[in-house]
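S.K.: Single-letter residue listing:
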Amino acid sequence: MAATAPTEIGTTTPSAPIIRRRRPKFGAYGLLVPASILIGVALGYPLVRQFVISFQEYGLKQQFGAPAEWVGLQNYTDLLTDPYVWTVIGRSVAFCLVNAAITMIIGMSLAVLMQRIGRAARISLQVSLLLAWGTPVLASMTVWQWLFDTQNGVINWTLSNIFGMDSMAHHSWIIEPLSFFFVATVIVVWMSVPFVAFSVYAGLLQVPAETMEAAQLDGASARQRFWNITIPMIRPVLSIVLLLQVIWDLKVFTQIYTLQRAGAPTRETNLLGTLIYSYAKDFGLAGALATIMLVLTLALTGFYIRQMLKEDEL
Amino acid sequence: MSSLSTTTVPGVPGAAPQRVARTKSSESGRAQTSTSRRVLSIVAVIVALAWVFPIYWMINSSFQPLNKLQAEDPSWLPLGGTIANFRQVIDDNTFWQAMRTSLSVVVLVLIAALIFAFLAALAISRFRFKGRKSFILTVLVVQMIPAEGLFISQYQVLDGWGLVNKVSGLALVYTAAILPFTIWMLRGFVAGVPIELEEAAMVDGLSRVGAFFRITFPLLAPGLVAAGVFGFLQAWNEYTLALVVMTDPAQRTLPLWLQSLVESNRATDWGVVMAGSALIAIPVIAFFLVVQGRMTSGLVSGAVKG
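Going down the list, the protein sequences come from chains A and B. Residues in the first sequence are numbered consecutively from 40, following my numbering. Residues in the second sequence are numbered consecutively from 563, following my numbering.
What the hints contain is simulated information worked out from the structure, not anything from laboratory work.
Straight-line alpha carbon distances no greater than 25 Å define the calculated SDA-like cross-link-like pairs of lysine to any residue that follow:
| id | chain 1 | residue 1 | chain 2 | residue 2 |
| --- | --- | --- | --- | --- |
| 1 | B | K630 | A | T197 |
| 2 | B | K695 | B | T778 |
| 3 | B | K692 | B | V771 |
| 4 | A | K349 | B | V752 |
No experiment lies behind these values; they were computed from the predicted model shown.
From just these sequences and the hints, can you work out the full model?
M.R.: Here it is in structure tokens:
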């Protein structure tokens, strides 16, 4: 495909460069073929298939060749009548909203902070955020597990030796669900804040200085200027960043899974991602839960997506 | 996979540290400005130290021998450190095996994703055709799919084609995962090169293809580099899909290898685990730091003015 594509462009008449843009071109479709096939095969097809299987009985037997039976909404009713599934859904939504909110607040504060400090301080803050951003997820997870380690973790040591909380000396952070989610939140926020901070900072830099000066001359206080001019002007950045945070935090998997492997009780700490993973033996159930998760994501983000599409010029 | 699909927002450039902050005028008095600025700077430095501490601790611990790591009080500096931990990782055959797998996957993903995304970006930014808008919309919406819910059916599809535990199978799902964003990113870069440049070259006697490869293509280099770096980071760091697809220990990627290292050394030797983490993380971090600032290059605007 790589070889044929430029030839296809070449066959258009070079003498009429302006008409060329309006005429329908088979060449253009040709250029889209490889990407479309790949996305269709590895994303589209699994998505459709998962949706179909969610209406089938598809356990271990079927995985070894037995024909799958249609069971209608059985998988969905099984899931939605199980109070445990509702607990996990509620937990996931709560985790998602709390994490997205904390990440946004810290990220925005750091962006505003970057704007108001000297060059040296700003660069050191930016470099340390970039370091956290660039660290591979798994490497971050191992480091945080070591920091929170029960025996020799530096966090326990600091709490007991510097802050005098003796009970924390050999505290296990991930046994209690609430404390487990506290640790998970710390890690997720640590990883996500740099992206928010840099995006919002880039947005802040685009607010014209003239507008701010005009507002100042008109007597607007610093606070008024921030809330009535800066925030509305960087709204597009804020909304896309918030949207992505909500999507990411709702489907969080790696952080929860690795913390669970570190010895946390699975049932009390499952979120939607790990619950789907735990259904790996029953594809029908997993497919149904994944579909529920998709609907949940759309419910939480649909309004935003619609608005972004309306404003976004394609 | 989701962690795959988007790390940067389309249209939001990364850091622009060279620019000067503009809020000087927003403070009322000069004296007050410098005091509050100093206080805020101190706050910023404290935040910076807190944020970087885990990474410092990873490196510090990776140089500590076991008896220091398990001592009553932690050692804050890698003084009198050892490289034994790194030795142990480097002498481990499975590390190099995982390295080979990861590198093969990354190379395949980069080649496929860059070529395919480049062609698609060319189509949607240089041509107007029926279905163009729906394609762009699909590219956008695909990124919203909670892919964590998709891994089981992706596994099934790969299994049906005998691609489970194969580098090509993992590369296939990775490529599909990063393609939408790569197309989106490159589309911006292609659209940023004015068609007039090509047309001028054609007036000067170059063919359409010649004009494209001699004029437009070199100007797209920063875009291709940025997209390549993005793809590299995603494929190198991804864990979830690898966990599902690469079930055979001999086919582990580096993140899976690291997780198995943690599980065999937990509470026994964190030094080795930290050395392994550092070996995986440091090249990526270095790469990331170098490229971050260059991703939004002003090359194109310069070309038009000149």
